[in-house]
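Enquirer: Here are the chains, one letter per residue:
Number of protein chains: 2
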Amino acid sequence: MVLKLHGLPMSTSTTRVMICLHEKGLDFELVPVDLFARENKQPLFLAKNPFGQVPVLEDGDLTLFESRAITAYLAEKYKDSRNDLIRHESLNESAMVKVWSEVESHEYDPVVSQIVHQHFVAPMIGKTSDQTVIDENLEKLGKVLDVYETRLSNTKYLAGDFFSLADLHHLPYTFYFMKTPWASILNDRPHVKAWWEDISSRPAFEKVAVGMVFGEK
Amino acid sequence: MVLKLHGLPMSTSTTRVMICLHEKGLDFELVPVDLFARENKQPLFLAKNPFGQVPVLEDGDLTLFESRAITAYLAEKYKDSRNDLIRHESLNESAMVKVWSEVESHEYDPVVSQIVHQHFVAPMIGKTSDQTVIDENLEKLGKVLDVYETRLSNTKYLAGDFFSLADLHHLPYTFYFMKTPWASILNDRPHVKAWWEDISSRPAFEKVAVGMVFGEK
Numbered sequence: 001m002v003l004k005l006h007g008l009p010m011s012t013s014t015t016r017v018m019i020c021l022h023e024k025g026l027d028f029e030l031v032p033v034d035l036f037a038r039e040n041k042q043p044l045f046l047a048k049n050p051f052g053q054v055p056v057l058e059d060g061d062l063t064l065f066e067s068r069a070i071t072a073y074l075a076e077k078y079k080d081s082r083n084d085l086i087r088h089e090s091l092n093e094s095a096m097v098k099v100w101s102e103v104e105s106h107e108y109d110p111v112v113s114q115i116v117h118q119h120f121v122a123p124m125i126g127k128t129s130d131q132t133v134i135d136e137n138l139e140k141l142g143k144v145l146d147v148y149e150t151r152l153s154n155t156k157y158l159a160g161d162f163f164s165l166a167d168l169h170h171l172p173y174t175f176y177f178m179k180t181p182w183a184s185i186l187n188d189r190p191h192v193k194a195w196w197e198d199i200s201s202r203p204a205f206e207k208v209a210v211g212m213v214f215g216e217k
Numbered sequence: 001m002v003l004k005l006h007g008l009p010m011s012t013s014t015t016r017v018m019i020c021l022h023e024k025g026l027d028f029e030l031v032p033v034d035l036f037a038r039e040n041k042q043p044l045f046l047a048k049n050p051f052g053q054v055p056v057l058e059d060g061d062l063t064l065f066e067s068r069a070i071t072a073y074l075a076e077k078y079k080d081s082r083n084d085l086i087r088h089e090s091l092n093e094s095a096m097v098k099v100w101s102e103v104e105s106h107e108y109d110p111v112v113s114q115i116v117h118q119h120f121v122a123p124m125i126g127k128t129s130d131q132t133v134i135d136e137n138l139e140k141l142g143k144v145l146d147v148y149e150t151r152l153s154n155t156k157y158l159a160g161d162f163f164s165l166a167d168l169h170h171l172p173y174t175f176y177f178m179k180t181p182w183a184s185i186l187n188d189r190p191h192v193k194a195w196w197e198d199i200s201s202r203p204a205f206e207k208v209a210v211g212m213v214f215g216e217k
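Keeping their order, the protein sequence lines are chains U and D. Residue numbers are given in full-length UniProt numbering: position 22 of the first sequence equals residue 22, and the series is strictly consecutive. Residue numbers are given in full-length UniProt numbering: position 187 of the second sequence equals residue 187, and the series is strictly consecutive.
If you are wondering where the hints come from, they were derived from the structure by calculation, not from laboratory data. The C-beta atom is built at its ideal place from N, Cα and C for all residues, glycine as well. One thing to keep in mind: the hints can contain errors.
Unchecked claim - Some but not every residue of chain D turned toward chain U, in silico, with C-beta under 10 Å:
1. Asp-61
2. Glu-66
3. Ala-72
4. Tyr-73
5. Glu-76
6. Val-97
7. Val-103
8. His-106
9. Val-144
10. Arg-151
11. Gly-160
Claimed, not checked - Below, a list of computed lysine to aspartate or glutamate pairs in the EDC-like style, where the Cα atoms sit at most 20 Å apart:
12. U/Lys-41 x D/Asp-146
13. U/Lys-77 x D/Asp-84
14. D/Lys-79 x U/Glu-89
15. D/Lys-79 x U/Glu-76
Between the sequences and the hints, there should be enough to build the whole structure, so can you do that?
Expert: Shown next, in the form of structure tokens:
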């Protein structure tokens, strides 16, 4: 039975899962959800995810939401297929994948998402970008990336010398962030820059990036 | 070698890990970190966690940070000890643990932590509680708990009919939230109330709750 992913090719949460599916070489059907028509707040969708958010993955009878839970599920179920994204054979390596995945969730995502939203989303919905919010978050982002720079001068990827979910989860928002006027914050840090160029040129991401046209219209 | 946990018995992140250690029946040494003296921002601590936050777990040569990564590591390493908190024998059940753990992280924690901080922390550091922030988050919390109420009318715990990390992660902040004037938001929802009474009366949590005196002085 083919995997069904409900979401949008420009949504950061949806693409987080799509990249994982491509990394694992899995076939899936992308079922579009019309967010503008609030399809995600209708009973049919709420039955799949009561929080009314994309993405949702249907794998036979199993219905999952929360993008990072879905990638972790796929990485576990298909751990022996292509790259092992959770390093299941090593307790220590898998622990580091968990640590740096949580860092993405709690240190990186809240900061970079605010910048992307203020820069791209606010104008789209008729609001003015709040430069104070952007500046505050740029400062926070700089501090987070200082930690990344030190980390990535010791290991090639965040969790160690292996590509993992911890890196993958960064791709969608960083891709949009690099289209803002502040990409230099990342490019000025040589190890972070090299890491970004590495992970963003992986074929699995390139397949997904072509649909990430948010902010281009 | 005994596990070393660096943190504070009143910190929500530290207690998240302590509860897990008690659930697993593991001995550990709690190494106090003097946050008021900014010990967590000194080189010795930053070498353990470059983000300068408690808790940090040292297990022999392995140093871990991010409370939810630590609980997931402990639950994996000691999966056969006492309660299996990640349901490793069932791919579907472990997927639901992942989903509801992410819900705690992204839907519940950001909302409840704001209320607790405004109510307890702001006055402690000489600021005025911002009632607008509290009200906004109480409204959001109500919506999240509506979803929980429906979920918990179908399953005894969040991920299914078994206690898991997904429930455990809720304990620290909910414990403090229940000391605010708005505990009725939770108590008015009978299935959520029954779930809270169940998980907060587990012996592993009761051992930890006695040290959670934040907001009482």
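Enquirer: Are the hints correct? Go through all of them and say.
Expert: Here is what the structure says about each hint:
Hint status for D/Asp-61: holds, given a least beta-carbon distance of 8 Å to chain U, under 10 Å. Checking D/Glu-66 against chain U by beta carbon gives a least distance of about 4 Å; that is within 10 Å, so the hint holds. The beta carbon of D/Ala-72 comes within 5 Å of a beta carbon in chain U, closer than 10 Å, and the hint placing it at the interface holds. At a threshold of 10 Å, the smallest CB-CB gap from D/Tyr-73 to chain U is about 4 Å, leaving the interface hint in force.
Checking D/Glu-76 against chain U by beta carbon gives a least distance of about 7 Å; that is within 10 Å, so the hint holds. Residue-level restraint check for D/Val-97 holds (minimum Cβ-Cβ distance to chain U is 9 Å; threshold 10 Å). With its C-beta approaching chain U no nearer than about 6 Å, D/Val-103 sits inside the 10 Å limit, and its interface hint holds. A cut of 10 Å between beta carbons decides the hint on D/His-106: the least distance to chain U is about 7 Å, and the hint holds.
Contact between D/Val-144 and chain U, as hinted, is supported at the beta carbon level, the nearest pair being about 8 Å apart and thus within 10 Å. Because the beta carbon of D/Arg-151 sits about 7 Å from the nearest beta carbon in chain U, less than 10 Å, this interface hint is met. The closest approach between the C-beta of D/Gly-160 and any C-beta of chain U is roughly 12 Å, which is over the 10 Å cut-off, so the hint fails. Note on U/Lys-41 and D/Asp-146: the hinted pairing holds, with a Cα-Cα distance of about 15 Å set against a maximum of 20 Å.
Pair hint U/Lys-77 plus D/Asp-84 holds up; C-alpha atoms about 19 Å apart against a cutoff of 20 Å. This hinted pair checks out: D/Lys-79 and U/Glu-89 have alpha carbons roughly 15 Å apart, not beyond 20 Å. Distance check on the hinted pair: D/Lys-79 and U/Glu-76 sit about 16 Å apart at the alpha-carbon level, within 20 Å; holds.
Of the numbered hints given earlier, the model fails hint 11 alone.
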